[in-house]
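Numbering (UniProt numbering), first residue to last: 1 to 195.
The hints are simulated quantities; they were obtained by calculation from the structure and are not laboratory data.
Accuracy of the hints is not assured; some may be wrong.
[To be verified] Now the in silico label distances, taken between C-beta atoms and shown as ranges: (1) Ile128 with Arg97: 37 to 47 Å; (2) Val132 with Ala108: 35 to 45 Å; (3) Met96 with Arg27: 48 to 58 Å; (4) Gln60 with Arg82: 17 to 27 Å; (5) Arg97 with Ala123: 32 to 42 Å.
[As the list claims (entries may be wrong)] Under the rule of at most 16 Å between Cα atoms (straight-line distance), these lysine to aspartate or glutamate pairs were calculated in the EDC-like manner: (6) Lys122 with Glu158; (7) Lys14 with Glu41; (8) Lys14 with Glu29; (9) Lys44 with Glu29.
Glycine included, every Cβ here is placed at the ideal spot set by N, Cα and C.
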Amino acid sequence: MNSDVGGGGSLYSKKVIADLLNLSERRVEQLAQKKIIPKAERGKYDLGPTVKAYVMYLQQKLSGGGEVIDVAECKDRLLKARAMEQEQKARLRELMRLEKEGEMIDRAEVTAQWTARCVEMKAALLAIPVQVGFRFPDPDTRIAVEEEVEAAVYEILETYSRGGIGAVDGGGTAGPCAAEEDGRQRVGRQKPHTD
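Make a model of the complete structure from these sequences and hints.
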């Protein structure tokens with residue numbers, strides 16, 4: 001073999017690589033420009049990685065792969081994937097730490113707690129008409145007051161009712177909107193019709 005060895009120990013000139021791979025020097029340059037084979041420095045090539053990359057290129061061509069493998073690009077993608085994996089693992093550890101320290105609560109637990117509070121609030125609101133009506137000794141006045149307060153309570157419940165408590169982030173909306181306006185079910189028992 002030719003003794004055009006570079007000063008870097010295993011770095012070889014373009015001529016030596018061309019002779020070794022049975023290519024022209026121009027073809028070696030083209031392969032380096034297309035990043036099929038890695039160039040160590042100007043006009044010098046590291047023998048091991050160069051031969052390995054060229055063999056991979058030939059194998060891919062033989063197996064019908066039309067695309068050329070860019071070794072540097074593959075290394076970059078691998079490094080990026082590893083970095084992303086490390087970031088995600090760090091994020092997961094941070095979330096677990098926050099939950100362990102009580103600064104963060106599991107979504108299912110929050111949903112269960114809010115559902116329980118909503119049920120309690122609904123029961124308290126539905127009890128208001130009787131509690132207010134009980135304060136009026138006259139039966140006719142008591143019935144009229146209970147009906148008015150009950151109508152107001154049902155209106156409030158309809159305004160803030162949502163189909164499927166806990167499913168707000170799955171397409172529900174926030175804020176007051178009458179249940180019948182967007183096709184939702186009413187909350188509580190049906191309002192008595194007075195004709």
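Comparing the hints with the structure gives:
no.: 1; hint: Ile128 with Arg97: 37 to 47 Å; in the structure: holds, 44 Å
no.: 2; hint: Val132 with Ala108: 35 to 45 Å; in the structure: holds, 37 Å
no.: 3; hint: Met96 with Arg27: 48 to 58 Å; in the structure: holds, 55 Å
no.: 4; hint: Gln60 with Arg82: 17 to 27 Å; in the structure: holds, 24 Å
no.: 5; hint: Arg97 with Ala123: 32 to 42 Å; in the structure: holds, 38 Å
no.: 6; hint: Lys122 with Glu158; in the structure: holds, 11 Å
no.: 7; hint: Lys14 with Glu41; in the structure: holds, 11 Å
no.: 8; hint: Lys14 with Glu29; in the structure: holds, 8 Å
no.: 9; hint: Lys44 with Glu29; in the structure: holds, 11 Å
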